[in-house]
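Order-wise, the sequence lines are chains A and B. Per the numbering used here, the first sequence starts with residue 6, numbered consecutively. Per the numbering used here, the second sequence starts with residue 748, numbered consecutively.
If you are wondering where the hints come from, they were derived from the structure by calculation, not from laboratory data. Each residue gets a CB set at the ideal place from its N, CA and C atoms; glycine is no exception. Keep in mind that a hint or two might mislead.
Below, a sample of chain B positions facing chain A; criterion: calculated Cβ distance under 7 Å [as the list claims (entries may be wrong)]:
(1) Glu796
(2) Thr812
(3) Cys813
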Amino acid sequence: MPTIVSVDDSTVPGEGSSRLLLLVSSDNKHIVVEEDIMSRSRFISKQVEGFEATSQRHAILLPFSSFVLNKVIEYCSHYRGYYLLEDDPDAAPPGRSPVREWDQEFLDVDRNMLLRIIKAAHYLEIKSLVGSCARAIADMIRGKTTEEMREILGVENDFTPEEEHSPSSKCTG
Amino acid sequence: MEGWEKEDSSAALDTKVKNAAASESGSPRTRERREISLLRNLPDDVLLEIMKNLDYRSLVHCQKTCHQMRMVVAGSVSLQYTIELAACGMLDGPRDSKTLDVTERLRRLRLYDAAWRRLDFTERNFLPHLVGCMALSGPSLVFFRPQKSPSDGAAKTVFQQIPSRLRGVEERHIQLAGGNGPHALDYSQDLNVFLGPPTGLSNGVHQYQLRSLSTGHTHPLSTSSPFAPPAARFLVEIHTDFVLEAVLATLRWEYFVWNWKTGLVETSPAGWPRRVAFQSFHFLDNTHILAFESNSDNQLACLHVFTFRDGESGSDTATSSNVGGERPSYRFLLPDFAHTCRSLLPVIAPRCAHGASDTAYFLSDPDDRLLSITAKGVSTLGSAEGKVSIDIPLSTFLSYITEQPIEHSITVPWKEWGPFGSRVAQTPVGDLLGGATLSGMRSVTVRNRRESDGAVVVTVLDYHPRRVARALTLQRDGHGDSGVTVLRGDELEDICAQSEGLRTTLPCILTEIPLPEEIPNSLAETRSLEVRLYEDGILFLEYGRDSELVRMIRKAWAYSF
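Just chain B, same shape as in the assembly (with noise of 0.2 Å):
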């Protein structure tokens, strides 16, 4: 036993060791006892270490059980920075060097919840020449600068960048060649989709093309993209890896799902239907595609959902995959307006809000998203003109397709998919201006205000359910802001309670703010004030003219976080 110490292995030793030895042992009773209290005896790191690996809703009841744990939880940011992440319904970005660390990420966390609560206008921005807002993802808009006199160049895209604190970006703008077409915007994969000019194959042609967002270089991967028609409309949407392109060719909509990095297209299936109008189409997810179809009377307004294969369904050329197995597609029948109202009127398309870009700190779940449609009809309950309203939750919609996978195309009853988990709100007419914009599970609109004043107001509706808890439960605890109703689902005014099947059961946080004192209202009911939401707040684009008779716009933040 070379290089013992002797002389602690002796007696000294023995004591140390029986002391100890009679701290561990002892008569069954204490040992009970210890056993009981051996939580409590460990370390705070050691609890710490624990509950780093818990969920929101386990770390709440965590803390309490005891003094100790709520300590734990007290001491921790990156535990709280959990647990608020959770209540508000948001998720945390992705972590680099370059990026904050949790103490800052948790106070602008903070500072943006509280900016959705006490909603304020910041100043104004001034951004020159600038007409319509063609597209917008994350903080970035582009838009279309029409050439103003023939010394000045060629029409131009303008990509402007908002400054923003969820992603720490700087206001930026660049100009680029390219028209007044189509675009889409990915901000998160840094990719414009734009249509370009028509090729000299064949007469007026089209072809898409991929572009970097920031410097407006052509993108390396992109493959060639399918021909597009020349057609009267087009729409284009971008969703990971897929490019959606509808276009409206000879009284016919088809449309494309390309895959831009592989460069398989599928088309529209084979048995398209021919005679419904389609107005609207938007990838649900990535293998999903929604369309409105609205046929000529409108009482059979549905949502049409189809599915897509990204090249699976076996066939080897990249422009005829529909020749595989039968793609299943679900027709959602709308509510039968006709109980409620009479001669409705088209049916405003179908709005879904974008998944968030994951670029920001922190982010909103990409399965909380909404589902908005807006009808307009003649109430057969009075004389007055109304539009109806019904918000869904996108995850609800969805999983009426993904839990029940079907081999054939259905028609689903609107009594089956839409009651419990939709809400549907009737407003008289005049009310509304203009359609809602959605971001996340918020939903904005601009309306005059019920009450005799007619002032036009900012209504947001926010339909996140944790969310919504927390502010039923400060507006029980009596600290709720002011200006924030919170509606439960049975108290809501609606057109339901007269027709069978139709229910509101979906709570949601109403705001309302008074448009600023320098937009006047007429700007909002002339439409020349365009509302969009987006991540970090509401956009205001405010269209006016200036001496040169050229459209600016300016821009306010409904609140600066």
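So here's chain A without its partners, still in its complex pose (with noise of 0.2 Å):
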């Protein structure tokens, strides 16, 4: 049976303050989180309204670790009700995500876990993360060549000999 983390009866949702939800990780690990700095997840987001169409709340099943979960938690609660135009569906401007001080340092982390948490936020549709994500990888990529690149993401070379040496893409004819 999964321990359910019991929260103290003053942090629970009253008229006007924020609600809970009950996020289950992989490793089986419960977290108990207010729904309003998750709501900068679209995947939460529907979640939630899903909720209140039945009127019945249930626990979120996540497909990574504590370890993960509890790191996006962090940038959640670092932007809490900050507006992020990246994650403004509306507004969402093309091309890449604006530098942030904070970003960089939070996602000075390693190779694996940085894919890690790219996957996990695009899981929980956080767009201003995978943005985030996407700038800290191509930092470690730029610059390198082929072969460095597969090393780093961890790719193996599915081409055949031909198709390798065919133009790499009709752009450079």
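Reconstruct the complex from the two isolated chains, following the hints.
Now the structure itself:
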């Protein structure tokens, strides 16, 4: 049986304050978090809309570890209440996301962790975090050779020798 | 735990959680494998987000890593646009809601690049009653329209805008008052600088004025320019906030740099060489002016670079800002042609390509510009007279200035600055019909073909390193375009082999197209044909005479895209 993290009565949502969500990570850790912290995630927001439609709330299962999930919650808590342009589906600008100093420090983690965070952020549909991670990953592979990029990204060369030497895309022709 | 759905937190949830956990943990070995394949599990749109942050070179390497990456690039218009821009040596233009979306920009960019690789003439257009073209900037030309008859009204200046797919502008022209004096245009700032009529203050003193190219209205921000004395020759150029005015008065050149927004003026330095014959003045950037200097025997011709400081020298009176610290200057000596040419004739003034205007959908990098110098002479190797032309990328030239700031004025011998970043070529006499016209890294000349038929051909040289690299690849793969030759640095025909310190190391793409049939060769030889290179293509201004003996100009674009 999973252990439910007990919540102090004083933080139980009352009128006007944020309600709580129960998130369950893949390593079976239960994490309780205030709803409006996670509202940056489109995935969570959609779930919450579902709760409201059915007036039934349940735990949300997430396919990544608590370590990654906590990192994402840390990000969402930091920007709690902030408006980030990239997260706004109506106003999201195309192209790169802006450089935010806090994000750079926050994402100063090893490459596997970075890949896990971006995957989680994509799953949770947090565009600003995907953008920041993408920028950090791009910084790691920028200026590297094809072989070095494979090494860093853990990709295998799945081209046949012919494919490898053919023009890499039609636009170089 | 009010509000939690009880059912889901019981056994069903437990099973789900366990399954999820099982897929995440596992034996160390499977874990390792999963780490490795983590990226391949990344969805395409995450990869796209990553690749949006990459530059051209990294993108090219990235799409060679695996199929998924290649498919992501193939499916993304914006990544393809990034790659295509870099491969064409261009930059993206400004974005706003009114301009084109990326798909259309990419389509036009491909057409644009293809048009440069397969040059073709468009139909002629007819522009009535115009005389010489006085300045060109972006798609905008300024012509002088003389008074035809007393009833015709005063002479006019005509601004002609050529339709441009690079900017989405239509053909239009406006006529304004104004004379035959020097003009400078800046299409991106919508500005025309022209010499006003003599003021009543004193004898024949002029003042420059600024007006809008599109409406003709005086610019509201413009300060008043320094007074120009009555003079034999005027030169004027505009670059961002600065207007460069040069006058040849009483056998001596003077120049002024006027910041038209602040009104600050810097004059030629105190130690200005008196006897030197300057032939041209150009802005290199926001700090440097290039002047071409040739003294009487022409053997010590050099490029002179002056710095200006935009009033920083501490002077508070606008007209005497040269009293501050010394402004260092450079003298870049040209090769000693005495080895290869005797009786060198006056050198044709150097030309310097203008920076691209910033209103196009895509534009060439303002740092990718060419400096070209042409000299005439008689070869010592044979009796043939010849012309020597030197083409240098401006960034190479400027690197000698910006990388080693100097305190005092210095002289730099050719061997130190020229050989490795320049191309020196010699052509037989009569070959070159006029000097080169430049735009970005391209240079266009009209010349007689070297082969026996002597037909007049238009020769385009393109020095952009990426375009050269691509042309080499295409040629190697057998997809080269007809009429296009890629000249490697070591294959060039030149005068340098005989002269120590002169080398050609700058590869380029050479394209030759014959003139259209309806333009007789004689036109080119009598200089009734003017060729101007601009960002959209090559402009041919053909001067003929109509029954009223008023000159007319026809124009044709070298290509339409």
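A quick look at each hint next to the structure:
1. Glu796: B/Glu796 check passes; min Cβ-Cβ to chain A is 4 Å, inside 7 Å.
2. Thr812: Since chain A brings a Cβ to about 5 Å from B/Thr812, closer than 7 Å, the hint holds.
3. Cys813: holds (5 Å)
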